[in-house]
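**Q** Make a model of the complete structure from these sequences and hints.
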Amino acid sequence: MVTETNEMEMDEDRELDAEANISEMLDEEMPEEKEEEAEDEETEGEAMARIEGEISNRVETGTANAEEVLEALTEAKIPHFSIRADDQLTRVRYRLVKKIKNLILNREAIFERVYPTTLEEGENLVASGFKHLSPFTRFCPVSWDRVALARLPPINPSSILRYSRLDRRLVEAQLGDEIDPNAAIKQSKKGSAGAIQTCCAVYRECVYWFSSEAERRVFMANPIAVIRMAGEQAQTLAHQPLQVAVIGGPTSEREFISRRLGTDLRVVYVTTTRAVQWLLSSVCQSWTALVEQIRGVIMSGAALCDDLVTKALRVALLAPQIQARGSIEVSWFDNWNNQEPPDCPFLKVWLNMKARRGGK
Numbered sequence: 001m002v003t004e005t006n007e008m009e010m011d012e013d014r015e016l017d018a019e020a021n022i023s024e025m026l027d028e029e030m031p032e033e034k035e036e037e038a039e040d041e042e043t044e045g046e047a048m049a050r051i052e053g054e055i056s057n058r059v060e061t062g063t064a065n066a067e068e069v070l071e072a073l074t075e076a077k078i079p080h081f082s083i084r085a086d087d088q089l090t091r092v093r094y095r096l097v098k099k100i101k102n103l104i105l106n107r108e109a110i111f112e113r114v115y116p117t118t119l120e121e122g123e124n125l126v127a128s129g130f131k132h133l134s135p136f137t138r139f140c141p142v143s144w145d146r147v148a149l150a151r152l153p154p155i156n157p158s159s160i161l162r163y164s165r166l167d168r169r170l171v172e173a174q175l176g177d178e179i180d181p182n183a184a185i186k187q188s189k190k191g192s193a194g195a196i197q198t199c200c201a202v203y204r205e206c207v208y209w210f211s212s213e214a215e216r217r218v219f220m221a222n223p224i225a226v227i228r229m230a231g232e233q234a235q236t237l238a239h240q241p242l243q244v245a246v247i248g249g250p251t252s253e254r255e256f257i258s259r260r261l262g263t264d265l266r267v268v269y270v271t272t273t274r275a276v277q278w279l280l281s282s283v284c285q286s287w288t289a290l291v292e293q294i295r296g297v298i299m300s301g302a303a304l305c306d307d308l309v310t311k312a313l314r315v316a317l318l319a320p321q322i323q324a325r326g327s328i329e330v331s332w333f334d335n336w337n338n339q340e341p342p343d344c345p346f347l348k349v350w351l352n353m354k355a356r357r358g359g360k
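Numbering follows the UniProt record's numbering, in which position 186 of the sequence shown is assigned residue number 186; successive positions increment by one, without gaps.
Simulated from the structure, these hints should not be mistaken for laboratory data. The beta carbon of each residue, even a glycine, is placed where N, CA and C say it ideally should be. Take the hints with a grain of salt, since some may be wrong.
Said to hold, decoys possible - Using C-beta positions, here's what the derived DEER-type ranges look like:
#1 Arg274 to Val97: 58 to 66 angstroms
#2 Phe256 to Cys305: 51 to 59 angstroms
#3 Leu308 to Ala221: 51 to 59 angstroms
#4 Arg95 to Ala47: 33 to 41 angstroms
#5 Leu73 to Pro320: 46 to 54 angstroms
Stated by the list, open to error - Derived SDA-like pairs: lysine to any residue, alpha-carbon spacing no greater than 25 angstroms straight-line:
#6 Lys101 to Arg113
#7 Lys99 to Ile83
#8 Lys99 to Leu73
#9 Lys131 to Phe111
#10 Lys131 to Thr63
#11 Lys131 to Val114
#12 Lys311 to Met229
#13 Lys77 to Gly62
#14 Lys131 to Arg204
#15 Lys98 to Glu213
#16 Lys101 to Met220
#17 Lys311 to Ala289
#18 Lys311 to Gln174
#19 Lys77 to Thr63
#20 Lys77 to Ala214
#21 Lys99 to Thr118
#22 Lys101 to His80
#23 Lys131 to Ala201
#24 Lys101 to Phe111
#25 Lys99 to Tyr115
#26 Lys101 to Met229
#27 Lys101 to Ser82
#28 Lys99 to Thr63
#29 Lys311 to Trp278
#30 Lys77 to Ala49
#31 Lys77 to Thr118
#32 Lys98 to Ala289
#33 Lys98 to Val114
#34 Lys101 to Glu213
**A** Structure, rendered in structure tokens:
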């Protein structure tokens, strides 16, 4: 019994010693942790500096990543933009929608490239064979759907003989050569036509011509939509030269109206007197029987009959400019005061100045 009691007392002493050792160890460690925590505590200024540094690092990292993305977009020629976002949400949304509106509407043509060129460069590309004429030839594809039936051919400001070694002064002048597309019209003439603003651009393997800079910008924004919209009428639209005959009395201002129409539409203004004068001064026509007959009648002092005037006018109307764009005739018929001429191939404009003035 004594032995068992001693053993129990020894076990209790050992347990007490172990607990004492653990408590001593904890007491020794706890003050150190408290000291470390006291040392790790930072002030408000240090905390603000640390947070500012972290934010700065994040901003620098984000800026660097954004610059890399912008460089990649620039190299790939992908459009990108930036907006000011430090404002009200509605204003920021308005700016964002305003910026991406064109991209959303023209999303199918974002990766399409249209290269604007000068007229000379476009002509050289087609003439050398590097590029081809578009399906619209030299018509403007943007304004293609504005005409339902027919249209006048476009005016090419470039000279036809630009690649020829032939001296242009040796080429005989024709009716309509005086139409200069690049000639500036005085601003004092209100309502008159200005200089031709024809321009062109290269898209894929074709060269497209446009009537103005604004129409070229519309095409550059979405060439796929423009070609698709105009392509439906490309098979049906025909080239139709303009043929107008202005008929009226001497007091009807027919010459003024005809000249004004020719200036605005850039169509040749033709009179019977001008046609006969050109025929008589033409080197190529001077040996023909028609010119000899007209010269004989004039030398005799008699008036030219309608038959000779009509033949002279028909020869003069074979000029390339007239065959391409048409003409505006005046004093074509002498029986304007009697009745409408039969089988007239022109659009007839009958003038009655007295009735018009009386209506005012």
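**Q** Next step is simple, just say for each hint if it's right about the structure.
**A** Verification of the supplied hints:
A C-beta distance of roughly 60 angstroms is found between arginine 274 and valine 97, which places it inside the suggested range of 58 to 66 angstroms. In this structure, phenylalanine 256 and cysteine 305 break the distance hint of 51 to 59 angstroms, their C-beta atoms being roughly 28 angstroms apart. Against the hinted window of 51 to 59 angstroms, the Cβ-Cβ separation of leucine 308 and alanine 221 comes to about 57 angstroms, which satisfies the hint. Checking the proposed 33 to 41 angstroms range against arginine 95 and alanine 47 shows it holds: the Cβ atoms sit about 36 angstroms from each other.
For the hinted restraint 46 to 54 angstroms between leucine 73 and proline 320, the CB-CB distance of approximately 50 angstroms keeps it satisfied. Between lysine 101 and arginine 113 the alpha-carbon distance is near 19 angstroms, which keeps this suggested pair within the 25 angstroms criterion. Between the alpha carbons of lysine 99 and isoleucine 83 the distance comes to roughly 8 angstroms, so the proposed pair stays at or under 25 angstroms and holds. The hinted pair formed by lysine 99 and leucine 73 meets the criterion: a straight-line CA distance of about 17 angstroms does not exceed 25 angstroms.
Simply put, lysine 131 and phenylalanine 111 have alpha-carbon atoms about 20 angstroms apart, close enough for the 25 angstroms limit, and the pair holds. Taking the CA atoms of lysine 131 and threonine 63, the gap is about 43 angstroms. The hint is violated against a cut of 25 angstroms. A threshold of 25 angstroms between alpha carbons decides the hint, and for lysine 131 with valine 114 the separation of about 13 angstroms falls inside it, so the pair holds. Taking the CA atoms of lysine 311 and methionine 229, the gap is near 45 angstroms; set against the 25 angstroms cutoff, the hint is violated.
Our distance criterion of 25 angstroms between C-alpha atoms is met by lysine 77 and glycine 62, whose separation comes to about 22 angstroms. Straight-line distance between C-alpha atoms of lysine 131 and arginine 204 comes to about 9 angstroms, which keeps the hinted pair within the 25 angstroms bound. Restraint check for lysine 98 and glutamate 213: satisfied, since their Cα atoms lie roughly 23 angstroms apart, inside the 25 angstroms limit. Taken as a hint, the lysine 101 and methionine 220 pair is honoured in the structure, with Cα atoms around 16 angstroms apart against an allowance of 25 angstroms.
Of the pairs offered as hints, the one joining lysine 311 and alanine 289 holds, with about 11 angstroms between alpha carbons and a cut-off of 25 angstroms not exceeded. Simply put, lysine 311 and glutamine 174 have alpha-carbon atoms about 17 angstroms apart, close enough for the 25 angstroms limit, and the pair holds. For the suggested pair lysine 77 and threonine 63, the alpha carbons sit about 20 angstroms apart, so the restraint of at most 25 angstroms is met. A C-alpha spacing of about 22 angstroms is found between lysine 77 and alanine 214, which places the hinted pair at or below 25 angstroms, so the restraint holds.
Distance hint between lysine 99 and threonine 118 is unfulfilled; the C-alpha atoms sit about 29 angstroms from each other, more than 25 angstroms. A distance of roughly 13 angstroms separates the Cα atoms of lysine 101 and histidine 80; the hinted pair therefore holds under the 25 angstroms criterion. Restraint check: the Cα-Cα separation between lysine 131 and alanine 201 comes to about 11 angstroms, which is no more than 25 angstroms; the hinted pair holds. Among the hinted pairs, lysine 101 with phenylalanine 111 is consistent with the structure: their alpha-carbon atoms are about 16 angstroms apart, no more than 25 angstroms.
The hinted pair formed by lysine 99 and tyrosine 115 meets the criterion: a straight-line CA distance of about 23 angstroms does not exceed 25 angstroms. Note on lysine 101 and methionine 229: the hinted pairing holds, with a Cα-Cα distance of about 20 angstroms set against a maximum of 25 angstroms. A threshold of 25 angstroms between alpha carbons decides the hint, and for lysine 101 with serine 82 the separation of about 14 angstroms falls inside it, so the pair holds. Proximity of lysine 99 to threonine 63 is assessed by CA-CA distance (about 21 angstroms); at most 25 angstroms being required, the pair is judged to hold.
Under the criterion of a C-alpha separation no larger than 25 angstroms, the hint pairing lysine 311 with tryptophan 278 is consistent with the structure, at around 13 angstroms. Pair hint lysine 77 plus alanine 49 does not hold up; C-alpha atoms about 41 angstroms apart against a cutoff of 25 angstroms. For the hint pairing lysine 77 with threonine 118, the CA-to-CA distance comes to about 22 angstroms; that is within 25 angstroms, so the pair holds. For the hint linking lysine 98 to alanine 289, the alpha-carbon distance of about 72 angstroms lies beyond 25 angstroms, and the restraint is violated.
Taken as a hint, the lysine 98 and valine 114 pair is honoured in the structure, with Cα atoms around 23 angstroms apart against an allowance of 25 angstroms. Simply put, lysine 101 and glutamate 213 have alpha-carbon atoms about 22 angstroms apart, close enough for the 25 angstroms limit, and the pair holds.
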